[in-house]
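**Q** One line per chain: the protein sequences are Y, D, C and F, in this order.
Positions in the first sequence are counted from 1; adding 161 to them yields the numbering used here.
Positions in the second sequence are counted from 1; adding 161 to them yields the numbering used here.
Positions in the third sequence are counted from 1; adding 161 to them yields the numbering used here.
Positions in the fourth sequence are counted from 1; adding 161 to them yields the numbering used here.
Everything labelled a hint here was simulated from the structure, so no lab data went into it.
Misleading hints may appear alongside valid ones.
Copies of the same chain look alike in the list, so a pair counts if it works inside one copy or between any two.
[Said to hold, decoys possible] Derived pair list, reagent style DMTMM-like, types lysine to aspartate or glutamate, alpha-carbon separation capped at 25 Å:
no. : residue 1 : residue 2
1   : K440      : D201
2   : K241      : E184
3   : K275      : D409
4   : K270      : D408
5   : K249      : E195
6   : K440      : D405
7   : K257      : E293
Protein chains: 4
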Amino acid sequence: MNRTYRLLLDCPDQVGIVTHAGEVITRNGGWISEAAHHSDEDSNWFFSRFEIQADSLPFGIEGLQEQFASLADRFQLNLKFTDSAVPKKVVIMASKGSHCLSDLLDRWKSGDLKCDIPCVISNHEDMRGLVEWYGIPFHHVPVNKDDKAPGFAETERLIEEYAADCIVLARYMQILPQALCERYRHKVINIHHSFLPSFIGARPYHQASRRGVKLIGATCHYVTEQLDEGPIIDQDVARVSHSDRVDDLVRLGKDVEKTVLARGLRAHLEDRILVHGNKTVVFS
Amino acid sequence: MNRTYRLLLDCPDQVGIVTHAGEVITRNGGWISEAAHHSDEDSNWFFSRFEIQADSLPFGIEGLQEQFASLADRFQLNLKFTDSAVPKKVVIMASKGSHCLSDLLDRWKSGDLKCDIPCVISNHEDMRGLVEWYGIPFHHVPVNKDDKAPGFAETERLIEEYAADCIVLARYMQILPQALCERYRHKVINIHHSFLPSFIGARPYHQASRRGVKLIGATCHYVTEQLDEGPIIDQDVARVSHSDRVDDLVRLGKDVEKTVLARGLRAHLEDRILVHGNKTVVFS
Amino acid sequence: MNRTYRLLLDCPDQVGIVTHAGEVITRNGGWISEAAHHSDEDSNWFFSRFEIQADSLPFGIEGLQEQFASLADRFQLNLKFTDSAVPKKVVIMASKGSHCLSDLLDRWKSGDLKCDIPCVISNHEDMRGLVEWYGIPFHHVPVNKDDKAPGFAETERLIEEYAADCIVLARYMQILPQALCERYRHKVINIHHSFLPSFIGARPYHQASRRGVKLIGATCHYVTEQLDEGPIIDQDVARVSHSDRVDDLVRLGKDVEKTVLARGLRAHLEDRILVHGNKTVVFS
Amino acid sequence: MNRTYRLLLDCPDQVGIVTHAGEVITRNGGWISEAAHHSDEDSNWFFSRFEIQADSLPFGIEGLQEQFASLADRFQLNLKFTDSAVPKKVVIMASKGSHCLSDLLDRWKSGDLKCDIPCVISNHEDMRGLVEWYGIPFHHVPVNKDDKAPGFAETERLIEEYAADCIVLARYMQILPQALCERYRHKVINIHHSFLPSFIGARPYHQASRRGVKLIGATCHYVTEQLDEGPIIDQDVARVSHSDRVDDLVRLGKDVEKTVLARGLRAHLEDRILVHGNKTVVFS
Chain Y
162 MNRTYRLLLD CPDQVGIVTH AGEVITRNGG WISEAAHHSD EDSNWFFSRF
212 EIQADSLPFG IEGLQEQFAS LADRFQLNLK FTDSAVPKKV VIMASKGSHC
262 LSDLLDRWKS GDLKCDIPCV ISNHEDMRGL VEWYGIPFHH VPVNKDDKAP
312 GFAETERLIE EYAADCIVLA RYMQILPQAL CERYRHKVIN IHHSFLPSFI
362 GARPYHQASR RGVKLIGATC HYVTEQLDEG PIIDQDVARV SHSDRVDDLV
412 RLGKDVEKTV LARGLRAHLE DRILVHGNKT VVFS
Chain D
162 MNRTYRLLLD CPDQVGIVTH AGEVITRNGG WISEAAHHSD EDSNWFFSRF
212 EIQADSLPFG IEGLQEQFAS LADRFQLNLK FTDSAVPKKV VIMASKGSHC
262 LSDLLDRWKS GDLKCDIPCV ISNHEDMRGL VEWYGIPFHH VPVNKDDKAP
312 GFAETERLIE EYAADCIVLA RYMQILPQAL CERYRHKVIN IHHSFLPSFI
362 GARPYHQASR RGVKLIGATC HYVTEQLDEG PIIDQDVARV SHSDRVDDLV
412 RLGKDVEKTV LARGLRAHLE DRILVHGNKT VVFS
Chain C
162 MNRTYRLLLD CPDQVGIVTH AGEVITRNGG WISEAAHHSD EDSNWFFSRF
212 EIQADSLPFG IEGLQEQFAS LADRFQLNLK FTDSAVPKKV VIMASKGSHC
262 LSDLLDRWKS GDLKCDIPCV ISNHEDMRGL VEWYGIPFHH VPVNKDDKAP
312 GFAETERLIE EYAADCIVLA RYMQILPQAL CERYRHKVIN IHHSFLPSFI
362 GARPYHQASR RGVKLIGATC HYVTEQLDEG PIIDQDVARV SHSDRVDDLV
412 RLGKDVEKTV LARGLRAHLE DRILVHGNKT VVFS
Chain F
162 MNRTYRLLLD CPDQVGIVTH AGEVITRNGG WISEAAHHSD EDSNWFFSRF
212 EIQADSLPFG IEGLQEQFAS LADRFQLNLK FTDSAVPKKV VIMASKGSHC
262 LSDLLDRWKS GDLKCDIPCV ISNHEDMRGL VEWYGIPFHH VPVNKDDKAP
312 GFAETERLIE EYAADCIVLA RYMQILPQAL CERYRHKVIN IHHSFLPSFI
362 GARPYHQASR RGVKLIGATC HYVTEQLDEG PIIDQDVARV SHSDRVDDLV
412 RLGKDVEKTV LARGLRAHLE DRILVHGNKT VVFS
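Same shape as in the complex, but just chain Y (with noise of 0.2 Å):
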C-alpha cells in the first residue's frame, strides 16, 4: 500500500468535471490509482474520488491543493484533500456491551483498520482490562441520568483535548448533545441495532419480536441533531425464525451490527463516503 493522497469532490453537476480535475493531476504527473464519479440526477450534482500516488507528484497535499483552487472556483467544487499516511484519530465511545469494541480493537491491532484510536470513553468502567491490555487509554465518565451536562462536558472536553478526528459510537446507548452533533458534523458515526427506518428508537429487537420479522438487521449512520435519521452509510441483515426470541435476536444482531460498524468505519477512514443533504454516496 503506496502513500496515496485521496481528493474528494462534490458540486453541481456540469460538463468537463472529471476532466479537468484529472488534468490537474495529471499534468503535474500525478498518478490516479483509483476514480470514481457519481452523477445524481434528482438534486443535479456531481460527486468524485481520485486517490493519487503521493510520490507521482512533485509536491505535498498543500501543493495539490493549491494546484485546484482555480477550478474550485470556477466549478463551486467542494473540496476534501486527505493524506493516506496521515491515520485519522478516532475516539470510541462505549457503554456495557463489548462486542462492537472488542470487534474493533481487534481489527485496529492486526492493522485491518488503519486509525490512530486516542482513548476509549465509556460511562462504565467494565470495559477498562481490555482497552488498557491494547495499550489505549480509558476514560470513565458516566453520564447521570438526571444531570448529564457535567458528564457530557468531560466527554467533549476529552474530545478536544485528544484531537479527534473522527468518534464512534459503538453501542455506546446515550444521546450525545446536539451542540456536539454538530460540531462534529459527519464526524460522529453510529451503529443502530435496527434496520432503519425500521423500529426506529428503543428496544428495536423488542420491536421486532412483536412484529414477527423474518430477518434483522442494523445501521451505520453519521448522528445528527434528528436521533436515527442521519444519513445511512451501511445495513446489513440477519435471517431469524419464530424459534428466536428476543434474546436470540439480541444475539444474532450483535454479529451483524459489528460487522456492519466495521465497514462503515472503514468507508469514512479511507474517505469514501460524501454526504449530500441527508443520504450518503460511498465509493467502493
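Given the coordinates of chain Y, work out where chains D, C and F should sit on it, guided by the hints.
**A** Coordinates of chains D, C and F only, in the frame set by chain Y:
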C-alpha cells in the same frame, strides 16, 4: 414424493402434547415422515406439524381426524388436516406488472409449485395471452376507482365460483375489501414491495430512495384488515447503492418480490404456516 | 435514459490515461455521465469504462472513435465503442428446462433487459409455445448424441443468419463445439449450476448433496474451450440444509441460476465487462 | 434459560420411533421444550433431538438414560444424553492470527457462547496477553517443522490434562496428527478459509484470486483424517469484486471465518449436530 397427510396443531402449552399426538398416529401404524414443534414462551402457546405417510394408515384422512377427537377436546387443540394429494386451488390476482405472475406460472408448469390455478383475475388485459398460453382461464375484472364495489363483487363471485382455497395478490395493486379479507382470513397472500415495517403505504421504492437506504426488501404476508400489518410469512433484501435510481430499485426489487412471494406461497401450500395473533410460525 | 456512447478501454498501466481519455471526450463537449477505472497491480493492466451523453457530442460514434485514434496508438489502447441506442442481438439457446428462458423472456418483455432476441434455439420442442407467444421465432434444432455435427452446423448457421452479437446458454445442457466458442469469444454466456470451481462437470447438485454442503450456488461465465473454466461474470448462493434432498437442491438452485444469469447478461448488455486473461472486470 | 437434558438419537428408520421416544419421556412427566426429527431417505436413517426440562423429571440424566435402555435395544438406537447445566470444556488452538480467537473470547465472556475454556494452546506467543486478560491459561507449544512429534505430544498431554470435550482450531494453521483426530472424532472443529470443496489445501485466497471468483467463503467442519474432507457443519460467503486484491480477500474472509466458526461451535455446544457418514444433520 409419497402421499402424506399433514396435521397442523396449536393449543395452550402443556406437558405431553407431542407424545399424545404421536401416540394417536403410531398406534394406528402411522409413519411420521416429518415433525416439527415450537413452544412460544411469551404467549405460552404450542405449535406442531406432522407429516404422515398416507399408506401407512388403515383409514383415510377422516379416519385420522376421528382418532384425534378426544385428544382435541382434552387439550383444546386447534387442528387442521390436509392431504398432499389434494392440491389447493390458488386464484392469482394480477395487474399490469408481469414479473410475479410470470414467475409463478413457470414454477407451476414445471411442477415446482404443487397447486391448481383455476384462474387468473386482473384489472388489466395485458397478461391475458400469457396466462391463456398456460391453459389457465383469464378474467379481466376492471376496478373503477370511483366505484370499486362492482369490480370487487365480480371478483368475489369468481373466487367463489372457482372455490379458491387461497388467493395470491401477485402485485395486484388494489386494496381488497375488508369483508373479503375477513372471509378468506389467512388465505390471502400479498407481496409488499418493501421490507416491512419500513415504507408502509404507497410507492415504497420512492420512499427508500429518499431515505437513502443501502438495502431494499420485499415482504410476503397474509392480508388482514390493517393494510401492510398482516402476519409476515417471509422477507428478503437486495443490496443497492447511491448509483441506483428509483427505477433501478424497482427493477432490483422485482427479483426479491418474486422470490419471496414464491417461497411464502410454497410454505402455505405445504401447510407449513401457523398464525397466532399477528405472527407466523413457519416450519421449514 | 438518454442515449449514450459507451467506451471500454484497457491497456498497460501508465500515468495519465484517465485524463487523456477524458480530455478527448471533453474537448469535444462530451458529457461523461458514468466513469469507472481499475488498475490491476498483479498484471499491471489498466481498465476503464466511460458512458457519454450522445447528444453532447458534435458527431456520432464513428466521430468519437476517430478522435481516439492517436491516443490509442500512443498508449496501446484496446478500445470498444458501443451505442446504447443499438440493442444487442441475443440468441438464446435452451433445452427442456424453462426457468431461465421464461425468466429472461419476462425481463425482456417488461423492458428490464434491453436487447433484441431475434430467435430462440432449442434441441427440444417443449418451449416453442411460450417463445412464440412472446413473438420470437423458435427453432428446434435437435442434437443427435451419436453425431452432433449436423445439429451444431445448423445452430451456427442460424446464429450467423440472425447476426447474433451474443449467445446465451440458458441451461442448454450441451457443450458447444470449440470452433463456435472461439469464433464468439467472450460473447457466449453460460449459467453453470454450481458455485464454480466447486462441482465441475456433470450433475453438480448430486455432487453437492453427496458432499453435504450447506450452500449451493450458480455461476455465470463466458464459455471458453475449457469447460467450466471460462472467466466468471457473477455468482451467488442459496442456503440449504440436511433436510433438502437432491430435488430440493435442484429447485432451490433454479432461483439462483436465473437471477445470476440475468445479472450477468445485463452487465454484458450494458458493456460493463472487460476480460483479461481468465478473469473479468465488471464495472457496476 | 431453564436447565434441560438433551437427547440426540439416530437409528435405522422405522415406524414409531418419535412416538416411543416421546412416550418414555412423557410417562415420567417430562416436558419436551424442543424436538426435531429428520428421516434421510437415501441412507434410510433416522435422526432426532429432544430437549427436556430437567425439573419436570423425577430423576436426573442417568435416570432418563435408564428409562431409554429397552427402547435403545429394540430399535438399535445410538443415544447421547447431555445436560445443559454441564458446560463443555473447549480447548482453543490458535496461531498468530487473532480474529477468530478474539471473537470467540468476547462471545464467551459476554455469555453468548456457553462453555468453559480451560486453556488456549498456541504455537506462537502473540496472543498470550489477551488470553490471560480473559483469565484463561495460555500455553505456548511450538511445533517444530522438522520434528512435529514433541509439540503434538505436549498438545495432546494438555488436552487430556484439561479434560477437553471439544477442540477448536481457530485458524491454528497446523495439521493435527491422525491419531489425535481419531481419538477426538467429531470433537475437533476447524474453520477452513474457503467455500469447500473449492480451493482445498494451501492458500485458498490466492487460489480464489487467481480463479477470479465473485464470492469467497469459509467452512466450519469436523476434522477427520482426510484434510478438508470432514463433515461440514456450516458455511457462508462474502461478495468480492475485481478490485479486491488477495489481501482484501484475506481481510473480507476474516469476517466470514469468525462468524461461521462461532455459529458452528454454538451448534456443537448445544448438541444440535449429528454426524452420519460424511454429512451432518444440524437441527436449528
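**Q** Against each hint, give a clear statement of whether it holds in the structure.
**A** We went through each hint and held it up to the structure:
no.: 1; hint: K440 x D201; result: within (11 Å within a copy, 31 Å between copies)
no.: 2; hint: K241 x E184; result: both (18 Å within a copy, 23 Å between copies)
no.: 3; hint: K275 x D409; result: between (32 Å within a copy, 13 Å between copies)
no.: 4; hint: K270 x D408; result: between (30 Å within a copy, 16 Å between copies)
no.: 5; hint: K249 x E195; result: within (20 Å within a copy, 30 Å between copies)
no.: 6; hint: K440 x D405; result: between (33 Å within a copy, 13 Å between copies)
no.: 7; hint: K257 x E293; result: both (15 Å within a copy, 20 Å between copies)
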